[in-house]
Amino acid sequence: MAELYQTQRAMRNIRRAALQRGVVGILDIGTSKIACLVLRVDSNGTFRATDGVGSMAGQVNFRVIGAASTRSRGMRRGEIETMAETERAIRTVVAAAQKVAGVRIDHVIACLSGGRPASYGLAGEISLASGQVGDHDVAAVLAACETPDFGRGREVLHAQPVNFAVDNRSSLADPRDHLGNKLFCDMHVLTVDGDVIGNLVQCIRRCDLELAGIASAPYASARASLVEDEQELGAACVDFGGGGTGVSVFIKKHMIFSDHVPIGGNLITQDIAQGLRVSLPVAERLKTLNGGVEATGRDDRDMIDVGSDTSEWEADRRHVSRADVIGIMRPRVEEILERAREVLDAAGFDYMPSQQIVLTGGGSQIPGLDGLAARILGPNIRCGRPLRIDGLAHQLTDPSFSSAVGLALFAAHPQDEWWDFEMPADRYSARSLRRAYRWFKNNW
Amino acid sequence: MPVVIDHRPGKQVTPQPRQRRDPAPSRLQYRLERMWLTPLYRRFVRVGAPAFVLAMVGGLWLADEDRRALLRDGVNSVVTQVQSREEFQVHTMAIEGASPVVETALRAMLPVDLPASSFDIDLAALRLQVMQLDAVETIDLRIKPGGILSAEVVEREPAILWRHSRGIEILDRSGHRVASVTSREVRPELPLISGEGADLVTEEALALFDAAGPILPRVRGLVRRGERRWDLVLDFGQRIMLPEKGAVVALEAAIALHRAEDMLGRDITSVDLRDPSRPVLRLGVDARNTIRQARGLPLLGPDGQVLPGTDNKG
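First to last, the sequence lines map onto chains C and P. Here the first sequence is numbered in this note's numbering, starting from 506 and rising by one per residue. Here the second sequence is numbered in this note's numbering, starting from -11 and rising by one per residue.
Note that these hints are calculated values from the structure, not bench results. The model shown is predicted, which means the values in this text are computed figures rather than measured ones. Built from N, CA and C at the ideal position, the CB exists for glycine as well. The reader is advised that the hints may include incorrect statements.
To be verified - Pulled from the structure, derived: some chain P residues nowhere near chain C, Cβ distances all over 12 angstroms: (1) ALA12; (2) ARG22; (3) THR26; (4) ARG30; (5) GLY155.
As the list claims (entries may be wrong) - Only some residues are given here: those of chain P computed to face chain C with a beta carbon under 10 angstroms: (6) ASP10; (7) PRO202; (8) ARG206.
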């Protein structure tokens, strides 16, 4: 864990340096599209005075000065499949966003949707020697969490302290200076496949960019699309992406669970292409323009031209009814929702105090999805759009950009992670000199 | 459409769908774009390099002495060509309000021969030069359309004569020199002042001459004493010594005495008004002898000494 601590600390320092410089890039590499936002961050709050935008939940100290999105390449199920293709896609989108912004970006914050994420809830406890919780006690209790065996090649993506308790007083957000004998903490750890992260880092580095932070895509889109009350009271965010569906559960403004279902919109397109014997672009067009999940009587009469250029009249001049398209899409959407339901069941979402479910991501724009989802997932369903942030063009505010917007929020207001706290002294095994320094600093 | 259509199988060329170019920028293009967006590099390319090239080319071209001379001659010839255009020529000089002497001097002061270009006439310098003439109070020089150099001159008015150790000068009201004269008779109508520093207080002198209205025919002049007060000198050697402050009031008081008592018509050498609260009269020798005779005292001679032959007999 010490090595992870060091790498994450280094990444955090890069992020701080980027925020200090004022320009940071956001790179949302999805399976179907790749988006890049260029943020101008000001730590002085000068935008506040010049703009009419009120204090939008404190999200006003940055502004989007350039944004671009393009079709993703070389990605499959949220993971990088062909490095060179993905690199080209990143170059395309970064060049376009830089051109809009007029500045070059050197640091990017990226998100990762695939990589078989796994959530762990860890608990730790220490007894307080001084009878009061100090800074180093918080670090010590986080370090005292029992880490299970994550498996070979797993990397920790998020390790967020969710809850602190001192003696019998639980649900403390900040336990410092509390009096008591024992300090407990609950920590949520999200691990992903290390090679997937390595591929992503490699890809970004080959574009002359420096990775200043990395977040899980379900986490980012939940940050953007759940409103503050939902994050506080408890909600689940289901992010329908192209290559997979991310599920994350929030309570008390902390993510407590996240998982990924590797079925997404691309599979629906594939079903349509197979079922109607059309090419994938045509199938994608059918899905986005005429897709749906609730067939009505009118849809039987609604005939759609499915042309192709095989130069055979029978193949090129075909009509399908909209009901056919819906009939193909609906089982797959139901399957996705059922898989999401299984994930939520595994997370114990039924025992949460609030059962709010927010659908976001590009797939959530299927007409009638909220009605279908209400039948499968639960009654409290809404389709969430990302939080409005300053300077983002209107065409980039639809639900498919919620993870990009969430990454922007993550860049400007990161939540506490385990590595944000000072590492306790006994973890520094080899560096006795610094250990002595820590000891002096903590005890004098 | 070709004229003959080849219907043989396998020969026809079906138009291939146009191969779409990869929208991704190549790595070189991407790096160049990013380099272009670097502020320092961008500023160098857009400002620094062109400025350097311009300076380099200009410097190399100007490094040769012949080219510098050529450039200088070219610039000078263009400047001369423009300046000597008909529109800028000054043909005549019109002088208003100047006496013939001043007018002659003014024409002599013009540094160039007319007609000349208006660029060659430095009006400010000419004005400063003209202002050094004592007789000129102000001059308004301008070049009017039509090539006329117009000079509106206001001359100083002679107000007073000042006699000092080096001669007699005419002063205007403010005490500025107008001209020199050889004798008092040249300007008999001007009042006369004398003494060191008298030119500094000509205003007061003129006020005193105005106040001396009834006795003006008898006034010979004003004498500045010790650069602080005035003596009014009348004929027959009479003088009125005026105080440092309030000289006009004291003189008016003396004139009032003169009107009431015919003071100045009597045998009085001087009226001392230096202390306004205590005027002192100095009697002449005849008056004093009359008094001394009445008192039986020995008489005085014209030098003020007691005459030796006139003992106290009375």
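To see whether the hints hold, each was checked on the structure:
1. Distance check for ALA12 of chain P against chain C: the nearest CB is about 4 angstroms away, which does not clear 12 angstroms, and the non-interface claim fails.
2. Not every Cβ of chain C is farther than 12 angstroms from the Cβ of ARG22 of chain P; the closest lies at roughly 5 angstroms, contradicting the non-interface assignment.
3. With a least beta-carbon separation of about 6 angstroms from chain C, THR26 of chain P fails to lie farther than 12 angstroms from that chain, contradicting its non-interface assignment.
4. Here ARG30 of chain P does not stay apart from chain C, with its beta-carbon only about 10 angstroms from theirs, under the 12 angstroms limit.
5. Once the 12 angstroms rule is applied to beta carbons, GLY155 of chain P is consistent with being away from chain C; the minimum gap is 80 angstroms.
6. For ASP10 of chain P, the suggested interface contact is upheld, since its CB lies about 7 angstroms from the closest CB of chain C, less than 10 angstroms.
7. At about 84 angstroms, the closest approach between the beta carbon of PRO202 of chain P and any beta carbon in chain C exceeds 10 angstroms, and the interface hint on this residue is violated.
8. With a cut of 10 angstroms, the hint placing ARG206 of chain P at the interface with chain C is violated, because the nearest CB-to-CB distance is about 88 angstroms.
Checked against the numbered hints above, the structure breaks hints 1, 2, 3, 4, 7 and 8 and satisfies the rest.
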